[in-house]
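Line by line, the protein sequences are chains A and B. Count along the first sequence from 1, then add 900; that gives the number in the numbering used here. Count along the second sequence from 1, then add 4; that gives the number in the numbering used here.
Please note that the accuracy of each hint is not assured.
Here are the simulated DSSO-like cross-link-like pairs (lysine-lysine), alpha carbons at most 30 Å apart as the crow flies [as the list claims (entries may be wrong)]:
1) B:Lys164 to A:Lys1211
2) B:Lys164 to A:Lys988
3) A:Lys976 to A:Lys988
If you want the footprint, here are the derived chain A segments under chain B, 3+ residues with CB under 8 Å [to be verified]:
4) 1035-1046
5) 1080-1089
Listed next, the stretches of chain B that the computed footprint assigns to chain A, with coverage defined by at least 3 CB atoms under 8 Å from CB atoms of chain A [as the list claims (entries may be wrong)]:
6) 23-32
7) 94-107
FYI, nobody ran anything at the bench for these hints, they're computed from the structure. Glycine residues also receive a C-beta, built at the ideal position from the N, C-alpha and C atoms.
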Amino acid sequence: MPETLIQKVLGRASGGQAEVGEIVVCEVDLTALIDIQFAHDRLADVVSVADPDRIMIVFDHAVPAPSIRDAESGRKARAFAAEHGIRKLFDLGQHGIVHQVLAEQGLARPGWVVACTDSHTCAAGAVGAAARGLGPAEVLQIVCTGRTWHQVPPTVHYALSGRKSPWVNGKDIFLHIAGRYGDATGHAVEFGGPGLAELPMADRRTIATQGAEIGADFTIFPADQHCLDYVTAAAPDAEPAPVRPDEDAEYAAVRGIELSGISPMVARPGTVIENAGPVGDLVGTRIDQAFIGSCANGQLADLEVAAEILKGQQVASGTRLIVTPASQRIYLEASRRGLLADLVEAGATVTNPTCGACFGYHMGTLAAGEVCITASTRNFKGRMGSTEAEVYMASPATVAASAIRGVISDVREVVG
Amino acid sequence: MNQVSGRAWVFGDGINTDDMYPGFAMRLPIEEAARHMFHASRPEWPQLVHPGDVVVAGRNFGLGSSRPVPLLFRELGVAALVAEQFNSLFFRNCINYGLPAATLPSATRLIREGETVLIDFTDGSLRVGETVHPIAPLPELLRAVLDAEGLLRQLELDGKLRPGKG
Ligand code: SF4
């Protein structure tokens, strides 16, 4: 039987065929543990780990520790790494948002099964991995056994064609899909088509990351040459192999997306599902805070575009712009290239790499009545602070342009 | 875990995990975090729910993060969840923390708030008043997890996890 991408990957990992609907038990190639998980996930009770070389520990959600409780989680994480001989430890100094670290270290690879207790683990689908968030109990089980199960989902295939317009980001492509086609609960979302060849990895990573927001089980891109080059650059000894779906695979739906037809998009507060439209619908909406960061849009390409728009400009008075590079590596590179100076000169607050503002935990929490436009992953009510704050979602370019005007703005008009 | 009976609380579509387990509550112990369930949509609910009650929701129940929401439900004594459609991560999470979860299309039309529902996971049925509805059967793998009252307990029995305090 011809297979979809997710069938291929899950089939390989489970040592057989993966029929849609079937539950398959798979070997997990990499499991990522995160700092806050050590607060009450009973990792300290683990007798032994299945394979310390297939586990990584990343400090990201609450760094540097904003509370005593978080400091204690950090202590437990370090103790766990020492006890079980885990060498892939990304402690402060080497830290970054887990999905970014996975990508830039080449720790997610085409055809791998990746697990992590963070719902945006689907980010690794950008390199053709079967990656998804799993609950803390299951991650504990994988740590102990090295295995997990997946129910092979039916797949929705998006066939991309054409080229994206200037200023259009993976975020806009995703919001177009979420706004128009709604949720993908219980499905895998697969990308392909001739338009993919020109779609940069940064955009693929944004799209794959956001798949969690439409409830997809997996979001996955084929490992084409572009992807293989990206993985090899990150991990020179990886020798990744291409992973592609069969041509006549069966899909639950096939939808064409003409990239040139997509313009800057904004999601309204609450959800992205059937709740996003062209920026023009919302231009002029007052904002208090603008945020660029997270595992979806804290990449170097995102900082570059923000700096390009903000260089020589000023953030509107009464508006604050927070920029969080997604990792130390990005922070360093953005610093070397002068991007951070451009952002700070424009009035942005550049923070340490962390999840912080994205999940309303620290650094950038919103007060009641405030309005934020964010390039992060999630716009749920209460996500970034008060349940009486409103969170709009857009690309880094739209967020940067909006910060300059103090109202939601069309970047094409701001840059001119 | 084979039979659960309780009074229903009915919620709508797209209830997400940030609503059920807000970010700020992640720095609180589970007992306290449970008091903030549904803070965005129905903040008074944790005071109203009684042990043994059942939570009913619409489509796409549990969209969002992997935070251990079922622990909060269990803390408040919720006996089971019923939804028209579950987010798959959330569904796995529930079973893994020993919280029975049943899928019933049209659940929010068939069950009114305050009604008593009787769910039988063995024969795959859900009774409201005099009417019996079939519910989607649980795969064997997940039944075993529920029978062990959750994955952590299962790992303990397998000698992979040192016995916990609670
Ligand atoms: S940046 Fe936001 S979405 Fe990404 S891992 Fe951190 S909290 Fe989750």
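Structure-based check of all given hints:
1. B:Lys164 to A:Lys1211: violated, 55 Å
2. B:Lys164 to A:Lys988: holds, 22 Å
3. A:Lys976 to A:Lys988: holds, 16 Å
4. 1035-1046: Coverage by chain B holds here, the residue count being 8 at a Cβ distance below 8 Å.
5. 1080-1089: holds (count 3)
6. 23-32: Holds: 6 residues of the stretch 23-32 of chain B have a Cβ under 8 Å from chain A.
7. 94-107: As far as the stretch 94-107 of chain B goes, the hint holds, because 4 residues have Cβ atoms under 8 Å from chain A.
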